[in-house]
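Those protein sequences? They're chains U and A, same order as listed. With this note's numbering applied, the first sequence covers 5 to 118. With this note's numbering applied, the second sequence covers 37 to 150.
There's no promise every hint is true.
Said to hold, decoys possible - Label-pair distances were calculated between CB atoms; the ranges are:
| hint | chain 1 | residue 1 | chain 2 | residue 2 | range |
| --- | --- | --- | --- | --- | --- |
| 1 | U | 117 | A | 87 | 42 to 50 Å |
| 2 | A | 43 | U | 26 | 30 to 38 Å |
| 3 | U | 13 | A | 104 | 32 to 40 Å |
| 4 | U | 26 | A | 106 | 40 to 48 Å |
| 5 | U | 76 | A | 107 | 21 to 29 Å |
Unchecked claim - Covered stretches of chain U, as calculated for chain A (at least 3 residues, CB under 8 Å):
| hint | region |
| --- | --- |
| 6 | 47–56 |
| 7 | 109–116 |
The hints are simulated quantities; they were obtained by calculation from the structure and are not laboratory data. Where a beta carbon is used, it is the ideal one built from N, C-alpha and C, also for glycine.
This is what each chain is made of:
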Amino acid sequence: AQSVTQPDIHITVSEGASLELRCNYSYGATPYLFWYVQSPGQGLQLLLKYFSGDTLVQGIKGFEAEFKRSQSSFNLRKPSVHWSDAAEYFCAVGATGGGNKLTFGTGTQLKVEL
Amino acid sequence: EAGVAQSPRYKIIEKRQSVAFWCNPISGHATLYWYQQILGQGPKLLIQFQNNGVVDDSQLPKDRFSAERLKGVDSTLKIQPAKLEDSAVYLCASSLRQTFYEQYFGPGTRLTVT
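So here's chain U without its partners, still in its complex pose (with noise of 0.2 Å):
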């Protein structure tokens, strides 16, 4: 069974600053990756997907992600944060044999400090 780690609960960076959120995953095969954030009060927005191809994706709002296999790792990073960013960040795997699955890691609150 796929599962994902996100070790950091929570993380406080300047605004202006870099960023980067931490994501291993464990999974037999080549998984599907993805990173959503989720503001106070809403559902989750998908920020960037990983299927194939370039290890390195880019995303919406200036994220991007980069694959590394031989590290099982999907971490997100900016390189320069917005105090709108605050919010809670999920990174997810998906079973590439299970319909659609996903399942997400328990989520690091990013604070933005102005």
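Go by the hints and put chain A onto chain U.
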């Protein structure tokens, strides 16, 4: 394009009472998902429908939870009777098809069981 609609947004009930949640997916989306998100955790899939058929309900506590999608459009999730540990946000999502098209999430229903 209208997003995924859910109602109610908030519900407070006492344990052993019943509750129902409603979801209307994006028009034309064949696949519908119900997730449970307990505070501090990532969403967990409860049930997945493809049109009006169940694809995966392996994590649905069937002794108290039920769900239906009778006409392949909107869906209802019911809990009867509720327990304290059912307090969570219940998220509905939909996707165009089953094969890793993006899942679009609704705003969720926050359930508090007292």
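Here is how each hint holds up against the structure:
1. 117(U) <-> 87(A): 42 to 50 Å: holds, 47 Å
2. 43(A) <-> 26(U): 30 to 38 Å: holds, 36 Å
3. 13(U) <-> 104(A): 32 to 40 Å: holds, 36 Å
4. 26(U) <-> 106(A): 40 to 48 Å: Since the Cβ atoms of residue 26(U) and residue 106(A) sit about 43 Å apart, the hinted range of 40 to 48 Å holds.
5. 76(U) <-> 107(A): 21 to 29 Å: violated, 42 Å
6. 47–56: With 6 residues close enough to chain A, the hint holds.
7. 109–116: holds (count 3)
Checked against the numbered hints given earlier, the structure breaks only hint 5 and satisfies all the rest.
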